Amino acid sequence: MAFVPPARHLLRARDLADARYFEPLGVDDLAASAGLSRAHFSREFKRAFGESPHAYLLTRRLERAAALLRTTDRSVADICLSVGLQSIGSFTTSFTRTYERSPTAYRAEHPPASQAALVPGCLVRAYTRPQHRTFREDRPTTSA
Amino acid sequence: MIRIANAQLWVHDQEEALAFYTEKVGMEVRADVTLPEMDDFRWLTVGPPGQEDVSIVLMAIPGAPVMDEETAAQVRELMGKGFAGTVFLTTEDCHASYEELTARGVEFSEAPEERPYGIDSGFRDPSGNSIRLTEVRLPAEV
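Protein chains in written order, with our numbering: chain A, 3 to 146; chain B, 57 to 198.
Certain hints may be false.
Distance condition first, Cα-Cα at most 20 Å in a straight line; then the derived DMTMM-like pairs of lysine to aspartate or glutamate [as the list claims (entries may be wrong)]: (1) B:K80 / A:D31; (2) B:K80 / A:D20; (3) B:K80 / B:E155; (4) B:K80 / A:E46; (5) B:K80 / B:E133; (6) B:K80 / A:D17; (7) B:K80 / B:D176; (8) B:K80 / B:E166; (9) B:K137 / B:E155; (10) B:K137 / B:E126; (11) A:K48 / A:D31; (12) B:K80 / A:E25; (13) B:K80 / B:D69; (14) B:K80 / B:E170; (15) B:K80 / B:D149.
None of these hints come from the bench; they were simulated from the model. All of these numbers come straight from a predicted model, not from anything done at the bench.
Given only the sequences and the hints, what does the whole structure look like? Please build it.
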């Protein structure tokens, strides 16, 4: 088998964090993917990438959550869960510490997701074209 | 230069499709907005982590007047028969991806198999759309 530089195993663990952050993944899983004990893995990861695997995984999740706050109209709780974090309270705390504002305030500072999404004009035209009405149909038969 | 931005896939239920493509296939949500001014049209796109500039639009089959009932029924029927669309995905390691997706509950209709162009496998989404998952052999190896 060809020689694999040790950092390759650490990179595999970091790639796992990037690709599967939405799962209930923890530092133990990352260490296992690198084939190292947790303590040894954390030390080596930090030496290779300059931050702990815990910090890397958390900031990846926060970065993804920030993107969802900008690009979707989903609730903060929903977004928290969909980036692999279980506790809304600690998500809000970590987010606020990192971005210096709450998830809700962060969202409010950006253009609404409906603008960022850039729904194609063909769909806007298709979905806003009104139903044709004749005079007879003008008044609904049932009272509102 | 012309580039591919989004490609659309009809789905019979956006929530179910969303859960499938994110929780099982491992994609992420790129956009999810519901527009009251467009009769609650929901623009929902997903794509793989790390490939930011291409996404799949998970499109609900519209009702009238956007699409007449007869056409909508035809689209639903074609989709159910598996002829409404295919997504071709590639992976660096077909066997590893097969194991990963199987563990998340994806049922493969075709397990990884050797083909002249690489290792190929396939499954369906809940709407019946066909998804290929291929490890493409480098041209030099073909």
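Here's how the hints hold up against the structure:
1. B:K80 / A:D31: holds, 18 Å
2. B:K80 / A:D20: holds, 16 Å
3. B:K80 / B:E155: holds, 12 Å
4. B:K80 / A:E46: Violated, because 31 Å separates the two Cα atoms, which is more than 20 Å.
5. B:K80 / B:E133: violated, 24 Å
6. B:K80 / A:D17: holds, 18 Å
7. B:K80 / B:D176: holds, 19 Å
8. B:K80 / B:E166: holds, 17 Å
9. B:K137 / B:E155: Given that 20 Å is the threshold and the Cα spacing comes to 27 Å, the pair is violated.
10. B:K137 / B:E126: holds, 17 Å
11. A:K48 / A:D31: With Cα atoms ~16 Å apart, K48 of chain A and D31 of chain A stay inside 20 Å; holds.
12. B:K80 / A:E25: holds, 10 Å
13. B:K80 / B:D69: holds, 16 Å
14. B:K80 / B:E170: violated, 24 Å
15. B:K80 / B:D149: Given that 20 Å is the threshold and the Cα spacing comes to 17 Å, the pair holds.
Checked against the numbered hints given earlier, the structure breaks hints 4, 5, 9, 14 and satisfies all the rest.
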